[in-house]
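What follows is each chain in one-letter form.
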Amino acid sequence: MTPSASEVRSTVTGIVARELGTPAETITPDLDLRTLQGADSMKVLVMISRIERTYDIEIEDEDVFSLASVNDVVRVVLATLAATTV
Amino acid sequence: MPSSTAERSHSFDVFEHYERLQWKVCDLGLDTVRRELVQPAYIALVRGVVVGEATSLPGLHGFLSEFSDDYDCSAFVAIWAYQELQHHYAFRAWLRAVGVHIDQDRIEALREPYEAGITPSATLTTNVISEIIVNTAYRALAEWVEEPVLADLFLRASRDEAGHAREFLFYLKRRLADHPHELKSVLERIHFYVTNPRLNHPVGVYKHQRVEEMRDHETVDDVIDVFLRISPPDAQEKLQARLRRMLGTAVGRDLSRNSAIRHAMAELSS
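Residue numbers (our numbering), protein chains in the order written: chain A, 9 to 94; chain B, 4 to 273.
Hint data in this document are derived by calculation from the structure and do not stem from the laboratory. Note that the structure is a prediction, hence the values are computed from the model and not measured. From the three backbone atoms N, C-alpha and C, an ideal C-beta is built for every residue, glycine too. Honestly, I wouldn't trust all of these hints.
Derived list of chain A stretches under chain B, where covered just means 3 residues or more per stretch with a C-beta under 8 Å from a C-beta of chain B [to be verified]:
{"id": "1", "stretch": "53–66"}
{"id": "2", "stretch": "69–80"}
Only pairs whose alpha carbons sit at most 35 Å apart, straight line, appear in this in silico DSBU-like list of lysine-lysine [unchecked claim]:
{"id": "3", "chain 1": "A", "residue 1": "K51", "chain 2": "B", "residue 2": "K27"}
{"id": "4", "chain 1": "A", "residue 1": "K51", "chain 2": "B", "residue 2": "K241"}
{"id": "5", "chain 1": "B", "residue 1": "K27", "chain 2": "B", "residue 2": "K241"}
{"id": "6", "chain 1": "B", "residue 1": "K241", "chain 2": "B", "residue 2": "K176"}
{"id": "7", "chain 1": "B", "residue 1": "K176", "chain 2": "B", "residue 2": "K27"}
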């Protein structure tokens, strides 16, 4: 069953918080993650990998480089899930 | 008395090997350049090559600082820098032979050393990528240009770059064996260069795009553009596949898919 947007948002926020060592409640859906302390390119790629593994998906390269906020990630995850279940 | 570290002196082997293969600018026969075969596009192309090869000096400076704990690698880099400077002067000499001169102020503007990489292994990775890209591009350009002296020069430089890629790979493998914690930074660099929709050359990313004096001058990015324009449509894909294969072998990981690179990074972060 495809998860809801709020479920994906909660999961993604948790992954981001764990990876950056930041409290989840400080990560708002539209916050530009690249501005967070410690969010270097290596951590961003690791976060994306964890999200891919969680949902068993592969995010397209052009999306990998354009993801800025949790909401961006949620949108891409849901779109990728929808594409793979068609 | 035998040295206990003799087997670690890879640069000694490289030095002897390079001495056997070393060519000179006077071997090129610059007085036989066929000026009637020189197209305007060649001039712009070679101007980009000249400023690209000029960045070996700031590269050498950065390397010697970053590898101050590794005499052998530093010695190789000194040999490498000589050959790269030779390319700079050889292509510049070809330009002079056809009546074109390079503004030395542009070259001087490139002097500042490169910033240190995320890790020394990441720096070696960047250099492997750089050498493989120019090796591939120069080989294609050697076939494309009709002026024989320039074609010969591209071919000679291409062969040198292939040797440099091989040696940087050697030092990368050795560095990772001693510093396995640097692998994640290597994977990050590989990911950047093999997934980017544009074929980026490290000299463009770290030098030419950052130096104001290069704004209105041909750069390595123009050289890459010519390479892609004259090559089959799958040239970039093939080149990136070659990078994946060569670097995948060096790091002992499957890099055939971008998600595999990310997953390898995530495993190392666990």
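Checked hints:
no., hint, result
1, 53–66, "holds (count 8)"
2, 69–80, "holds (count 4)"
3, K51/A <-> K27/B, "47 Å, violated"
4, K51/A <-> K241/B, "28 Å, holds"
5, K27/B <-> K241/B, "32 Å, holds"
6, K241/B <-> K176/B, "23 Å, holds"
7, K176/B <-> K27/B, "31 Å, holds"
In the structure shown, a violation is registered for the earlier hint numbered 3 alone.
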